[in-house]
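Undergrad: Here are the chains, one letter per residue:
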Amino acid sequence: MVDKSIVGTVMGTTVFPIERGKIREFATAILDDNPHYQEEAAPIIPPTFSMTQAFWPRKTDGPPPNLGLNYARVLHGEQEFEYLAPIRAGDTITGTTRVTDVYEKEGKRGGTMAFVVIETDWRNQDDQAVLVTRQVLLETSKPATEGS
Amino acid sequence: MDRHETHFEDVEEGDAAPEWKVEDLNRTMFVRYAGASGDFNPMHHDDAIAQKVGYPSVFGHGMFTAGTLSHYLTDWLGVGNLRKYAVRFRTQIFPGDTLTYGATVTRKFKEGDESRIDCELSVVNQKGDVVVAGTCTAALPTRG
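Taken in sequence, the protein lines are chains S and P.
Mapping of the first sequence onto the working numbering: residues 1 to 148, in sequence order.
Mapping of the second sequence onto the working numbering: residues 1001 to 1144, in sequence order.
Just chain P, with the same shape it has in the complex (with noise of 0.2 Å):
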């Protein structure tokens, strides 16, 4: 999605950041994150052995779905601004599939001297699955 300065006073509570869509998985996404991260599990890059045990294809890192949420969540928010980010992986990626990012902010509050969101956060597929849910909490610049 495009880049935001998101500040303190540009959300409220039940606000929803702009949604940003990722379309149509491919393998390379998946080599690439492989490369990156060191995690050469071959169910994320080898069709035939992921076939061997009743999956239809390779499937993507849950760490891959949750680096792309965090990338969301940087350009929302800014880089260096998260202080927690959680996320609960539910079900797999696959080639082909569209995800679609959200986030929602729960709360707005002070801690220490730092302005602060919480958000409720999910990556969904084509098929309206709950690939990855989440929750951050982010400190903001303020305009004071």
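If we strip away everything but chain S, and leave its shape as in the complex, we get (with noise of 0.2 Å):
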């Protein structure tokens, strides 16, 4: 199972520039024609847009420390956002990203399952804290088959 003294790790830091262009596209990904997302000359990034930064390469810090998970099972089963203060196109955001927890569950059909909490603090380019997210990624004891 998940080795507990990964809680600490820090796993990188990513710097996100918020660009219009890209939130009216997620804004269409998500059936979304509201026109602040249109218009707007500095739109309100939608709530879950941060998640596209989890795709960017983090070039500066190399990869990400491993965590020991069999990412075979692993399943993204939570996910969080706490919005501190609005980030619109033009700011940049700087995310610092830990595991912040780690425990296990027995599964409903059986099997323990390892929950490991990843939390990243969002910072923008005044140095205020404006987001805060946090994964649960759900280590099963057998091949993943549900989940996203």
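These aren't lab readings, by the way, just hints derived from the structure by calculation.
Check before you lean on any hint, since a few could be wrong.
What the hints assert, rightly or not - Covered, in the sense of this in silico footprint (three residues per stretch, anywhere, with C-beta under 8 Å from a C-beta of chain P), are these stretches of chain S:
1. 21-32
2. 73-80
Said to hold, decoys possible - Derived SDA-like pairs: lysine to any residue, alpha-carbon spacing no greater than 20 Å straight-line:
3. P/LYS1084 with S/THR100
4. P/LYS1084 with S/GLU82
5. S/LYS4 with S/THR112
6. P/LYS1052 with S/LEU75
7. S/LYS105 with P/THR1091
8. S/LYS108 with P/ASP1129
9. S/LYS22 with P/GLY1035
10. S/LYS108 with P/ARG1088
11. S/LYS22 with P/PHE1040
12. S/LYS22 with P/MET1029
13. P/LYS1084 with S/ALA85
14. P/LYS1108 with P/GLU1120
15. P/LYS1084 with S/GLN128
16. P/LYS1084 with S/LEU84
17. P/LYS1052 with S/ARG73
18. P/LYS1084 with S/HIS76
Glycine included, C-beta positions come from ideal geometry on N, C-alpha and C.
From these two lone chains plus the hints, build me the complex, please.
TA: Quick look at the structure:
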């Protein structure tokens, strides 16, 4: 199972420039034609827009540390967002990602599931805290067949 | 759904938001979400790979469902008003599915100078299975 000593591991830092065109593209992808995203000069980002940063390579940090998870058995179980201040097109936000918790539960269909909580604290160009995102990964004792 | 200008005075604990449906999900929606988010896991666009590991077809990104649920919330509660949003992924979405989005107010309260509500959220497929369950907190304008 998952080694509890990974709690506290810093996964890296991401610098994420917030671009208006990317906001419009993302709004369309979540079926949202709100004129706020299409017409405002500096729209507020959609609530889940920050997820797009996960697929940006963190070239300045090198690869994130190995958490020892078996990714064939890992599911994205939960996702949380705390919005502390608006993030708009033109901002640049910087996120620091850490492992903040590891725990186990018995699965409903047998086997133990391990939960790994990965938190990112985002600050804007004025060093103001703007967003906290929390991802809960589940490692099942059998190959993943559910979840996203 | 239609966009609303929901004020704090307009909602009571136990009230439900107007339902919203997205009918007949298709692969183009998943591919557009893949492009916009950067998540090109082939399980979301390549039927041959999805079927090889036992799925009937590709399935949508969990964050597509969470993203469309957040769109439903900003239509109801306004852009920039969410303070917390949390989702749990329960099962997959497939092409052809119809999703029904719902929200119920569980609490009205003041926090500092903000008038806030907590809600319970769900996205349910045409079989009645909960696809995504969640909660949110929003700060609403007042008519005062």
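Undergrad: All hints are to be evaluated individually against the structure, with a verdict given for each.
TA: Here's how the hints hold up against the structure:
1. Only residues whose beta carbon comes within less than 8 Å of a beta carbon in chain P count, and the region 21-32 of chain S has 9; three or more means the coverage holds.
2. Counting residues of the region 73-80 of chain S whose beta carbon lies closer than 8 Å to any beta carbon of chain P gives 6, which reaches the threshold of three, so the coverage claim holds.
3. For the hint pairing P/LYS1084 with S/THR100, the CA-to-CA distance comes to about 18 Å; that is within 20 Å, so the pair holds.
4. As the CA atoms of P/LYS1084 and S/GLU82 are separated by approximately 5 Å, the hinted pair is consistent with the 20 Å bound.
5. A hinted pair counts as satisfied when its Cα atoms are at most 20 Å apart, and S/LYS4 with S/THR112 qualifies at roughly 15 Å.
6. Simply put, P/LYS1052 and S/LEU75 have alpha-carbon atoms about 18 Å apart, close enough for the 20 Å limit, and the pair holds.
7. Restraint check for S/LYS105 and P/THR1091: the C-alpha separation of about 19 Å stays at or below 20 Å, so the hint holds.
8. Between S/LYS108 and P/ASP1129, the direct Cα distance comes to roughly 17 Å. Compliance with the 20 Å bound is thereby established for this hinted pair.
9. The suggested pairing of S/LYS22 with P/GLY1035 holds, with an alpha-carbon distance near 10 Å, which does not exceed 20 Å.
10. A hinted pair counts as satisfied when its Cα atoms are at most 20 Å apart, and S/LYS108 with P/ARG1088 qualifies at roughly 16 Å.
11. Distance hint between S/LYS22 and P/PHE1040 is fulfilled; the C-alpha atoms sit about 16 Å from each other, no more than 20 Å.
12. For a cut-off of 20 Å, the pair hint linking S/LYS22 to P/MET1029 stands: about 17 Å separates their Cα positions.
13. For a cut-off of 20 Å, the pair hint linking P/LYS1084 to S/ALA85 stands: about 11 Å separates their Cα positions.
14. The straight-line distance between the Cα atoms of P/LYS1108 and P/GLU1120 is roughly 13 Å, inside the 20 Å bound, and the hint therefore holds.
15. With a C-alpha separation of about 18 Å, the suggested pair P/LYS1084 and S/GLN128 falls inside the 20 Å cut-off, and the hint holds.
16. Among the hinted pairs, P/LYS1084 with S/LEU84 is consistent with the structure: their alpha-carbon atoms are about 9 Å apart, no more than 20 Å.
17. Taking the CA atoms of P/LYS1052 and S/ARG73, the gap is about 17 Å. The hint holds against a cut of 20 Å.
18. This hinted pair checks out: P/LYS1084 and S/HIS76 have alpha carbons roughly 19 Å apart, not beyond 20 Å.
The structure fails none of the hints (numbered hints given earlier).
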